[in-house]
Amino acid sequence: MLETLQFVYAPQIINGLSIGVAVILMALGLTIIFGLLDVINMSHGEFYAAGAFLSVTLMSLGISFWATLVIVPILMVPLGILIEKHLIQRVFHHKDRHILTLLLTFGIATVLEDSYKLIWGANTIKPETPIPGASEVLGVMFPNYRIFVMASGALLILAVWIVIYKTPLGAIVRAAAFDKHMSASLGIPVKRVYALTFAFGVALAALSGVLLAPIYSVFPTMGKDFILMAFTVVIVGGLGSIKGAVVAGLILTQLQALSSLYISPVWSDPIVFSVMVLVLMFKPSGLYGGMKNA
Amino acid sequence: MLDSKIKAIRIAEIFIFTCALLLVVIGTMLGDSFFIRLATEALIFGGLALAVDLLLGIVGLLSLGQALYFGFGAYMAAVLLKDYQFGFWSVMLAVLLFSALLGWLTSFIALRSKGVYFALITFGLAQVAAKSVYNTRALGASDGMVGVPIVQIATPFGSLNTGDPATFFVIVFITIAILYFVLKYFLHTPTGRIWNGIRSNESRLPYIGYQTAGPKRAAFVLAAIVAALSGALYPMLRGFVSPELMFFSVSGNAVITVILGGVGTLIGALLGSGILTIFKSIIGTLTVHYHIVIGLIFVIVVIFAPKGIIGYFADRIQKRTSHG
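Residue numbers (the working numbering), protein chains in the order written: chain A, 118 to 411; chain B, 30 to 353.
Wrong hints could be hidden among the right ones.
In silico DSS-like links for lysine-lysine, alpha-carbon gap of 27 Å or less [stated by the list, open to error]:
#, chain 1, residue 1, chain 2, residue 2
1, A, Lys212, B, Lys348
2, B, Lys143, A, Lys297
3, A, Lys212, B, Lys213
Quick list of the computed label-pair ranges, beta carbon to beta carbon [claimed, not checked]:
#, chain 1, residue 1, chain 2, residue 2, range
4, A, Ala301, B, Ser232, 56 to 66 Å
5, B, Ile43, A, Ser302, 48 to 58 Å
6, A, Pro195, B, Asp344, 43 to 53 Å
7, A, Asp155, B, Ile237, 51 to 61 Å
8, B, Asn230, A, Ala301, 26 to 36 Å
9, A, Phe399, B, His217, 33 to 43 Å
Since the hints were derived computationally from the structure, they do not count as laboratory data. Just so it is clear, CB atoms sit at the ideal spot from N, CA and C, and this is done for glycine as well.
Whole structure, please, built from the sequences with the hints as guidance.
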């Protein structure tokens, strides 16, 4: 009994956790952007890829991996601000805002993905693992770098949570999400909050890209495969909810990891998407409501 | 505005018909098959875009998973033609009936939600279907199915061979034209008027005595049929089907097509498909990175001309008539 637990379930659970942290990092950016701006950011996966590619390029210039962890997100902030100010704001006040912003970010995604092919080529780049070796976790050998990603990812998630819910800055963002006109009349620069929040989400996606590049490799469509899972997590957790993203991220990745013990892993995608469809059918607002409710 | 839109649509209809006619005549004279086949493909994907426009432009529902029905039609046609030796008419009839059933069943899932949630749920449905087909050995899994035989179509005027590019182009053209005019006819029925009402203000309709659930379901089923019938033509053209036909890129392309051509005009779907196909084949010969250009055009259209090409010309006609 104990042995099955140790040798059958534990590796799956730990594996699931390491993927879970990665997915939650992606989902956080998505859900914050939706919670504040009501924008479904279809290009989020491409920002994630951008982070990974920039990190690879900077490393080839001799900059250390640890430095790119800081530099890349900072580089992405201006890009995020530009896209929000000059593209998204143009269709933001249209009556079909949801659909138009979704289409717009879909277009941006198309352009970005093909640009990566143009600049970096279609081949997979495998960056060197920054922390080599492996350690034993609960009786299972586990790569050190994955342990680092799990720990730092969990810290990041906690940090985002604290910023949004426990700081004056977070209060401003939540106020703007709750009622933008009231916030504006109280002197909050709503437009700047929008642009910066979008940029923050973009930077978060890029940071996940840097962190995960050594594990999942770097290729132009890397965002696409990953973003589907992140979207599912955001929807199941409730669009705009940070708590929902964390809870749903953990549940879904565990479901994926444990179900693969019983059925062929190729079916884990259909299972996860079926969960998403079921949630949308019976509780479209997800497990938890948006940022406004918390 | 309305008048100028009708005029713009009429011009587009005549334009497309003329282009098709010229293509067949010149194509057969020069013995070309490449461009005729390309145009046939444009029409087939135009049919899928028609279904997207019915939902998005007429009823106001953004479907990000219409490729589900397109792929269903394609796979069903491939299986029936290859393994059961069905003829053209029986394939089309079977696809019509079963896609209506599939559309009706899935409508109970998809129509529970509105707006963004509808977009995401259709996306999720198509994703489940695509991944399932991708994993199903009996349907060829990730390789798809190859070797779909060439079909002979029995007509009162004799047997038509779909292997001949020009003949098949005409068959596809007629099929898509029928789908187009059926949809256009529906717009002027009471149900069609309710569709317009749902797009403008759904919550208002019940107050003036109209049910919206029925008409929405009807539109959803109709869109499934149109997409599936277009899809059924695909294996007859290319001789194979693959799970990629159900992927998001196909659904997404259909949405791009509709936005480019003109949302809510129906003919815009066909026009957009033609333009995109020409575009891809021209830029595709220059560079493999044509997606950058298409993405940029799409972004520009969404920001500056959300009404698409037809909408742009309708505005031009409007201006000219109001000045003159």
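Evaluated hints:
no., hint, verdict
1, Lys212/A - Lys348/B, "holds (24 Å)"
2, Lys143/B - Lys297/A, "holds (24 Å)"
3, Lys212/A - Lys213/B, "holds (26 Å)"
4, Ala301/A - Ser232/B: 56 to 66 Å, "violated (28 Å)"
5, Ile43/B - Ser302/A: 48 to 58 Å, "holds (54 Å)"
6, Pro195/A - Asp344/B: 43 to 53 Å, "violated (36 Å)"
7, Asp155/A - Ile237/B: 51 to 61 Å, "violated (29 Å)"
8, Asn230/B - Ala301/A: 26 to 36 Å, "holds (28 Å)"
9, Phe399/A - His217/B: 33 to 43 Å, "holds (37 Å)"
Hint compliance for this structure: hints 4, 6 and 7 are not met, and every other hint is.
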